[in-house]
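Colleague: Each chain, letter by letter, is given below.
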Amino acid sequence: MRGVFPRIPSGCAISGMMSRKGRRMDGEAIINSIALMHDRSNGLGGGFAAYGIYPQYKDHYAFHMMYDSEASKKTTKEYLEKYFFIDQSEPLPVRKTPGITNPPILWRYFLKLREEVLVNANEIIQEDDFIVSIVMHINQKIDGAFVASSGKNMGAFKGVGYPEDIGRFYRLEDYEAYIWTSHGRFPTNTPGWWGGAHPFTLLDCSVVHNGEISSYGINKRYLEMFGYKCTLQTDTEVVAYLIDLMSRRHKLPFNLILTALAAPFWKTVDKMDPKQREVLEAIRMVYGSALMNGPFSIIVANSKCMIGFNDRIKLRPMVAAEKDDVLYMASEESAIRVICDSPDRVWAVDAGQPLIGVVEEGAI
Amino acid sequence: MSTYLPPEFIHRIDKDRCRRCKRCILNCGFNALSFQDGIVADHSKCVACHRCATYCPEMAITIEKNPLAYKGNALWTSDVQKNIQKQAETGGILLTGMGNDKPYPIYWDNLLIDACQVTNPSIDPLREPMELRTYLGRKPEGLEFNTDANGEVSLKTQLEPQVKLDVPIIFAPMSFGSISLNAQKALAKAAEQSGILMNTGEGGLHKDLAPYGKNIIVQVASGRFGVDSKYLNSGVIVEIKVGQGAKPGIGGHLPGEKVSAEISETRMVPLGSDCISPAPHHDIYSIEDLNQLIFAIKEATNYEKPVSVKIAAVHNVAAIASGIVRAGADIIYLDGFRGGTGAAPNVIRDNVGIPIELALAAVDDRLRQEGIRNRASLICAGGIRNSGDIAKAIALGADAVAIGTSALIALGCHVCQKCYTGNCSWGIATQRPEMVRRLDPEVGAERLANLIHAWAAELKEILGALGINSIESLRGSRERLRAVGLNQNVLDILGVKHAGR
Chain A
1 MRGVFPRIPS GCAISGMMSR KGRRMDGEAI INSIALMHDR SNGLGGGFAA
51 YGIYPQYKDH YAFHMMYDSE ASKKTTKEYL EKYFFIDQSE PLPVRKTPGI
101 TNPPILWRYF LKLREEVLVN ANEIIQEDDF IVSIVMHINQ KIDGAFVASS
151 GKNMGAFKGV GYPEDIGRFY RLEDYEAYIW TSHGRFPTNT PGWWGGAHPF
201 TLLDCSVVHN GEISSYGINK RYLEMFGYKC TLQTDTEVVA YLIDLMSRRH
251 KLPFNLILTA LAAPFWKTVD KMDPKQREVL EAIRMVYGSA LMNGPFSIIV
301 ANSKCMIGFN DRIKLRPMVA AEKDDVLYMA SEESAIRVIC DSPDRVWAVD
351 AGQPLIGVVE EGAI
Chain B
1001 MSTYLPPEFI HRIDKDRCRR CKRCILNCGF NALSFQDGIV ADHSKCVACH
1051 RCATYCPEMA ITIEKNPLAY KGNALWTSDV QKNIQKQAET GGILLTGMGN
1101 DKPYPIYWDN LLIDACQVTN PSIDPLREPM ELRTYLGRKP EGLEFNTDAN
1151 GEVSLKTQLE PQVKLDVPII FAPMSFGSIS LNAQKALAKA AEQSGILMNT
1201 GEGGLHKDLA PYGKNIIVQV ASGRFGVDSK YLNSGVIVEI KVGQGAKPGI
1251 GGHLPGEKVS AEISETRMVP LGSDCISPAP HHDIYSIEDL NQLIFAIKEA
1301 TNYEKPVSVK IAAVHNVAAI ASGIVRAGAD IIYLDGFRGG TGAAPNVIRD
1351 NVGIPIELAL AAVDDRLRQE GIRNRASLIC AGGIRNSGDI AKAIALGADA
1401 VAIGTSALIA LGCHVCQKCY TGNCSWGIAT QRPEMVRRLD PEVGAERLAN
1451 LIHAWAAELK EILGALGINS IESLRGSRER LRAVGLNQNV LDILGVKHAG
1501 R
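Those protein sequences? They're chains A and B, same order as listed. Quick note: the first sequence, position 102, residue 102 per the working numbering, numbers continuous. Quick note: the second sequence, position 157, residue 1157 per the working numbering, numbers continuous.
If you are wondering where the hints come from, they were derived from the structure by calculation, not from laboratory data. Virtual Cβ for every residue (Gly too), placed ideally from N, Cα, C. Some hints could be false.
Unchecked claim - Derived EDC-like pairs: lysine to aspartate or glutamate, alpha-carbon spacing no greater than 20 Å straight-line:
1) A/K251 <-> B/D1166
2) A/K275 <-> B/E1152
3) B/K1497 <-> A/E224
4) A/K251 <-> B/D1124
5) B/K1164 <-> A/D270
6) A/K275 <-> B/D1148
7) B/K1207 <-> B/E1442
8) B/K1258 <-> B/D1274
9) A/K271 <-> B/D1274
10) B/K1156 <-> A/D273
11) A/K314 <-> B/E1128
12) A/K73 <-> A/D59
13) B/K1164 <-> A/E281
14) B/K1164 <-> A/D273
15) A/K251 <-> A/D324
16) A/K271 <-> B/E1152
17) A/K314 <-> B/D1274
18) B/K1214 <-> A/D273
19) A/K275 <-> B/E1144
20) B/K1156 <-> A/E281
21) A/K267 <-> B/D1166
22) B/K1164 <-> A/E278
23) A/K251 <-> B/E1141
24) A/K73 <-> A/D143
25) A/K271 <-> B/D1166
26) A/K275 <-> B/E1160
27) A/K267 <-> B/D1124
Said to hold, decoys possible - So, partial list: chain B residues that the calculated Cβ filter (under 10 Å) puts toward chain A:
28) K1065
29) I1123
30) R1368
Stated by the list, open to error - Pulled from the structure, derived: some chain A residues nowhere near chain B, Cβ distances all over 10 Å:
31) M136
32) P253
33) A320
From just these sequences and the hints, can you work out the full model?
Modeller: Right, dumping it as structure tokens:
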């Protein structure tokens, strides 16, 4: 399953849609949106993240797994059982789809953490941190096993193929979500592998990314200082980990995280009022190694919001639109118009300026 | 005792071109030229500093290596023989000036920088902003913020003092005494113009430099010359000098004949007395002593200035650096074995220390492994020759570089390595008033500022080619370097892949 190549730079298509009212929409629209941008992918990777899809298991960790073999599945299950009650264990429903070949074993578990686990741990550890350590352990230590997603009431569906084929393969029309994001991949120098497709997820945070992070080298080394290991041969991984570091571990508000990842230029900061300038100067001084440089457009989602943002000089495209309660973001305007023929508003997202869509309080 | 040493250089004057203006005689700091019905050169005194040739209006002067001096021998080279002869004649330690000139590997020249093609766009620095701004000082691991009732965010974390550099370059420490006051003035003025820093070295701060305090690092070395509380508070950074790349483990000696009234006042020592810098600080015999000195300085400066510790790159430099960070240093200044000096024993300069490239990579790695890289800025020094070296140093992990020899070359230095004689014809490494006078601080500052401007522009070009628009995205990004012709051990230490990988 896992390739042996170093990091893979890639071009891509991304699309996302979110109902601010938490209204759940089936996967048909998002497949059609990403399908329109077929030419932005090359058949070596596609994927989707969906939020709100498991209301019957909304308090369980939904682990979407990829396995090379029954052996890796067995090892992983034994490992998970040490820490979790496995309330459901089943194959992910798929259909035979032309263009999708050699899928790994795709499996999902709905897990509840055993209460004594955190109490008995050697050190004081938060539940979130513990789940992350489990995911890291499986991805790094269990040969042939890969966690595609691990959040609650959400899931990632991804693989090697064109994204619309991946969507059909995973039967996404059978799922209903209030946030969908999707990705079509154009890796430029090596074949894709299933785990390396987007979205990348950690807990309930997912990232789809079009671009190449030219600062990958330092972003990776910076993350390593905090114990993250970048093993997935793609720079999108660092986006997910940087966000995880700053949000979960450093507890920074999301709008400030984005000013670290796509920092405003000094000439802008220098003109700000002193209080705001102090904040942004400090972020740049302390989180300079987290600045993502190079061309990118990214959609980050979690159970509460969907955020689109570009690099500081917008070297990759991103368009947004609104219609009633739904917010759309995509690499191309056409990918929005194909599923929303008369949007209330369409605009180009500004360079380095995040577009944050939040699900209304109490809607979910 | 008569000398067996033949002259090193042959100084030739084209008699047809020479108009006997005697300018060359006036310019020579080494008394190599005289007038006897025409210009006559004493070859044995010529050091090839090129001052006379540069200022000869008729371009009548050429200086060549003495071609017939020695029979070729790979083992008993002319240098080896000359040194033995000198010591047989004097019985003393051989002195030299400037950095190690032996043909050790220069790893910068085995490193190549990446650039963008197709999958990510390069950026045109003439059209897009390119940011080189760098802050030196201790950074916290993370930040905390307060949000008030209106949702307005303010900084909760109290940051340690930070010093801004517009370009990640500083002028290396060179004391008043080792270099002239005019040279220091040129450095200070250029630092101010370029938004960077100069460093007093260990010779105190002359009163004429006080107005440049915002661009000055004041140094505290083992001799404590010129150190009082006013001095500590007159710059933006205080640096404790433990070691120097050219002479790790060795102190310094400014002979009394160079201690003029100005130097005496600045160094706070009696006129004409020798200034001896002991090899160690006699209050630092271990890391915990360093910790005490760091905090004594922080107390004396009200915790308003970062404290830097300068060390020479020696074998165990990574562990030493880690200790220094844990002892409270906010900046580590790493000086490689090619770092310059006004005077050092030849044997030390040529045989002690390790290359800065390896030391820098090892220190950056070690601090990252220990999760404390954020606690100190790293300054890399010792043979930085151009903006390519700077980009490579930053990619290996440096926050900024320091340049000494490069800066002196900008001021006219021709690397004749005779700094220790005090006869510098360029008015740099001398205290002779008639020599010092020829270095105009304004002109010198302009030359230095031009150099910094040029290198800044080149760094921006490199960043643009790399497809990034801020220096932080290159800092420590060894992925953007590849090596040619290095063995696996060196690659592992540098953390760099071989070209083709």
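Colleague: Sort out whether A/E278 lies within 20 Å of B/K1164, counting only the CA atoms.
Modeller: Satisfied, since the Cα-Cα distance of roughly 14 Å is no more than 20 Å.
Colleague: Below or equal to 20 Å on CA atoms is what counts here, so check B/K1164 against A/E281.
Modeller: 11 Å, holds
Colleague: Check whether the Cα positions of A/K251 and B/D1124 lie no farther apart than 20 Å.
Modeller: 36 Å, violated
Colleague: With 10 Å as the cut and Cβ atoms as the points, is B/R1368 at the interface with chain A?
Modeller: 5 Å, holds
Colleague: Please verify that the nearest CB of chain B lies beyond 10 Å from A/P253's CB.
Modeller: 7 Å, violated
Colleague: Given the hint that A/K251 pairs with B/E1141, test it: the Cα-Cα distance must not exceed 20 Å.
Modeller: With Cα atoms ~12 Å apart, A/K251 and B/E1141 stay inside 20 Å; holds.
Colleague: Does B/D1166 sit within 20 Å of A/K267, going by the straight-line distance between their CA atoms?
Modeller: 12 Å, holds
Colleague: Sort out whether A/D273 lies within 20 Å of B/K1156, counting only the CA atoms.
Modeller: Distance ~17 Å between B/K1156 and A/D273 Cα, so the pair holds.
Colleague: Given the proposed pairing of A/K275 with B/E1152, does the C-alpha separation stay at or below 20 Å?
Modeller: 10 Å, holds
Colleague: Against the 20 Å threshold, does the CA-CA distance of B/K1207 and B/E1442 hold or violate the hint?
Modeller: Since the Cα atoms of B/K1207 and B/E1442 sit roughly 17 Å apart, the hinted pair holds (cutoff 20 Å).
Colleague: Verify the proposed pairing of B/K1497 with A/E224, using a straight-line Cα cut of 20 Å.
Modeller: 18 Å, holds
Colleague: Can B/K1065 be said to touch chain A, with a Cβ gap under 10 Å?
Modeller: Hint on B/K1065: violated, closest Cβ of chain A at ~44 Å, above 10 Å.
When the structure is compared with the earlier hints, violations turn up for hints 1, 4, 9, 12, 15, 17, 18, 28 and 32 and for no others.
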